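Asker: Input sequences plus hints: build the corresponding full structure.
Protein chains: 2
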Amino acid sequence: MNVQKRISFQFVRDEVKRRIETRVWPQGSLLPTETQLAEEFNCARATVNRALRELAEQGFVERKRKSGTRVKKSPSKQAKLELSLARQIVEDQNQTYRYALVERSVDTSPGWLSSQLGLPPQSQILHLVCMHYADNRPFQHEERWINISAVPEVEDANLEEVGPHEWLLNANPFIDAELALYAISADSHLADYMGTTTGAAMIQLERTTWKDGQPVSFARLTHHPGYCIRTRY
Amino acid sequence: MNVQKRISFQFVRDEVKRRIETRVWPQGSLLPTETQLAEEFNCARATVNRALRELAEQGFVERKRKSGTRVKKSPSKQAKLELSLARQIVEDQNQTYRYALVERSVDTSPGWLSSQLGLPPQSQILHLVCMHYADNRPFQHEERWINISAVPEVEDANLEEVGPHEWLLNANPFIDAELALYAISADSHLADYMGTTTGAAMIQLERTTWKDGQPVSFARLTHHPGYCIRTRY
DNA sequence: TAGTGGTCTAGACCACTTT
DNA sequence: AAGTGGTCTAGACCACTAC
Numbered sequence: 001m002n003v004q005k006r007i008s009f010q011f012v013r014d015e016v017k018r019r020i021e022t023r024v025w026p027q028g029s030l031l032p033t034e035t036q037l038a039e040e041f042n043c044a045r046a047t048v049n050r051a052l053r054e055l056a057e058q059g060f061v062e063r064k065r066k067s068g069t070r071v072k073k074s075p076s077k078q079a080k081l082e083l084s085l086a087r088q089i090v091e092d093q094n095q096t097y098r099y100a101l102v103e104r105s106v107d108t109s110p111g112w113l114s115s116q117l118g119l120p121p122q123s124q125i126l127h128l129v130c131m132h133y134a135d136n137r138p139f140q141h142e143e144r145w146i147n148i149s150a151v152p153e154v155e156d157a158n159l160e161e162v163g164p165h166e167w168l169l170n171a172n173p174f175i176d177a178e179l180a181l182y183a184i185s186a187d188s189h190l191a192d193y194m195g196t197t198t199g200a201a202m203i204q205l206e207r208t209t210w211k212d213g214q215p216v217s218f219a220r221l222t223h224h225p226g227y228c229i230r231t232r233y
Numbered sequence: 001m002n003v004q005k006r007i008s009f010q011f012v013r014d015e016v017k018r019r020i021e022t023r024v025w026p027q028g029s030l031l032p033t034e035t036q037l038a039e040e041f042n043c044a045r046a047t048v049n050r051a052l053r054e055l056a057e058q059g060f061v062e063r064k065r066k067s068g069t070r071v072k073k074s075p076s077k078q079a080k081l082e083l084s085l086a087r088q089i090v091e092d093q094n095q096t097y098r099y100a101l102v103e104r105s106v107d108t109s110p111g112w113l114s115s116q117l118g119l120p121p122q123s124q125i126l127h128l129v130c131m132h133y134a135d136n137r138p139f140q141h142e143e144r145w146i147n148i149s150a151v152p153e154v155e156d157a158n159l160e161e162v163g164p165h166e167w168l169l170n171a172n173p174f175i176d177a178e179l180a181l182y183a184i185s186a187d188s189h190l191a192d193y194m195g196t197t198t199g200a201a202m203i204q205l206e207r208t209t210w211k212d213g214q215p216v217s218f219a220r221l222t223h224h225p226g227y228c229i230r231t232r233y
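Line by line, the protein sequences are chains A and B. In terms of UniProt numbering, the first sequence opens at residue 1 and continues consecutively. In terms of UniProt numbering, the second sequence opens at residue 1 and continues consecutively.
Among the clues, some could well be false.
Because identical chains cannot be distinguished in the list, a pair is counted as satisfied if it fits within a single copy or across any two copies.
[Claimed, not checked] With a straight-line Cα cutoff of 30 Å, these simulated DSBU-like cross-link-like pairs (lysine-lysine) come out: (1) Lys73 with Lys211; (2) Lys17 with Lys77; (3) Lys66 with Lys17; (4) Lys80 with Lys17; (5) Lys211 with Lys66; (6) Lys17 with Lys73; (7) Lys17 with Lys211; (8) Lys211 with Lys72; (9) Lys66 with Lys77; (10) Lys211 with Lys80.
For the record, the hints were derived by calculation from the structure and aren't laboratory data. Model, not experiment: these values are computed from the prediction.
Answerer: Have a look at this one:
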């Protein structure tokens, strides 16, 4: 007796994916309709729908009403990057994390920053410089500017123990960010902080954050030479 | 008359998200059960289920059978990186793309590569060096090693016109890759290729690809100084 | 205007996990 | 053993879009 289990959307999803990968349904071709597939797999259309919806999310197929479901020409895979707090990265590597606040001052926003964040001139900003260490070796240099009017509480926050990044995330976990990632050569100042030599290549991450359309913060996170971002896709 | 539209899963999703963001349901707290929410919103449980499932995917809540749905402490957002072909990146910037094959040779795999890819010793590999240009300025330097036994056809492929990355993706669109991203200083050789000075900081991307568990290729993609990866999350 | 995917429902049963 | 999310069904109607 064939004790066929009830068909799951995973089964349909994986089988359709297999047919795409083995080019039973070549790139650019049209898949059967949901109704046809439901018949073939002997399941409800909703089940097929969920399977195909996931494949669409993953970038294998494109779906359009009336036209049907098409195998994508170039599967547009995306690498997913975890961009955590320095503390989390360090602790995930089983290293000891240490944080130090280096500089703190309240200023009026310089021109370049106002333009970067879209701030009115003369805005008050909190300027911070801090260091993150892993096993007492420099891990990340953080320079940050915070728009005080967006988070007035920050002026009274104690940032000696907890870094501004972490403080901001706690105060406001739901924030939109824009990222830019590039390589820089250490100037003598940075080299000094990072315990390396002038000219060393390092990865720098610029992070601009917004809350309800209001600019909150701009940060430059510079990682020690040799720091490597890894992922899989 | 209150012409209440039929409740959509988007409505439920957004309303629940709003309550989380405004801390009606604070971080770490337990949400009502699907059944309760379905009652409140006057919709089917399946609708609530889909809404909560999406919020779980997006990292706002955590769901466990029997325990219920909990607001996550630190919403674990992930940045998504598009890592396209050099040609695509260049053309997306409305610049003219040019490709050049610089070196091509068939060798036995050196030790470091065998170890990187997990190849048996004495494996035959195709070694390639090529350049990608944007508006005739160096854009990306590509050094690549391909495991010939994994893709025998590559030995006869014409790689004068189409780069190996693009060729491989066409030959086999469904590939798993491991990525490493870091900063390097240009040595005189690379500086020469990239039309820059020795010591310039550049972003280098290492890409190892596998097909059905079999190693296919290892590549080092070096971007011109000033190259910047941008994203939002 | 007709065809296709998009979504909702009401009910059912299952599977995991805590008690 | 009981509670909660996970999923499937069968049917219905809607919304977009190619024709």
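Asker: At 30 Å max between alpha carbons, let me know whether Lys66 reaches Lys77 within a copy, between copies, both or neither.
Answerer: Within one copy, since 25 Å is at most 30 Å while 34 Å is not.
Asker: When Cα atoms must be at most 30 Å apart, do Lys17 and Lys73 count as within-copy, between-copy, both, or neither?
Answerer: This pair counts as within: shortest intra-copy Cα distance 14 Å, inter-copy 35 Å.
Asker: For Lys73 and Lys211, with the copy left unspecified, which applies at a CA distance of at most 30 Å: within, between, both, or neither?
Answerer: Only across copies: Lys73 and Lys211 sit 18 Å apart there, 37 Å inside one copy, limit 30 Å.
Asker: 30 Å Cα cut-off: does Lys66 pair with Lys17 within a copy, between copies, both or neither?
Answerer: within (22 Å within a copy, 32 Å between copies)
Asker: At most 30 Å between alpha carbons: which applies to Lys211 and Lys72, within, between, both or neither?
Answerer: Between copies, since 19 Å is at most 30 Å while 35 Å is not.
Asker: Classify it for me, Lys17 with Lys77: is the Cα-Cα distance of at most 30 Å met within a copy, between copies, both or neither?
Answerer: So Lys17 and Lys77 pass the 30 Å test inside a copy (14 Å) and across (27 Å) alike.
Asker: Is it within, between, both or neither when you check Lys80 against Lys17 at 30 Å Cα-Cα?
Answerer: both (21 Å within a copy, 22 Å between copies)
Asker: First find the shortest C-alpha distance between Lys211 and Lys66 inside one copy, then the shortest across copies, and answer within, between, both or neither for a cut-off of 30 Å.
Answerer: Result: close neither inside a copy nor across copies, 39 Å intra and 35 Å inter.
Asker: With identical chains treated as interchangeable, where does the CA-CA distance between Lys17 and Lys211 reach 30 Å or less: within a copy, between copies, both, or neither?
Answerer: Cα proximity of Lys17 and Lys211: across copies only (15 Å, versus 39 Å in one copy).
Asker: Which holds for Lys211 with Lys80 at a C-alpha limit of 30 Å: within a copy, between copies, both or neither?
Answerer: both (23 Å within a copy, 20 Å between copies)
The structure fails hint 5 only (numbered hints given earlier).
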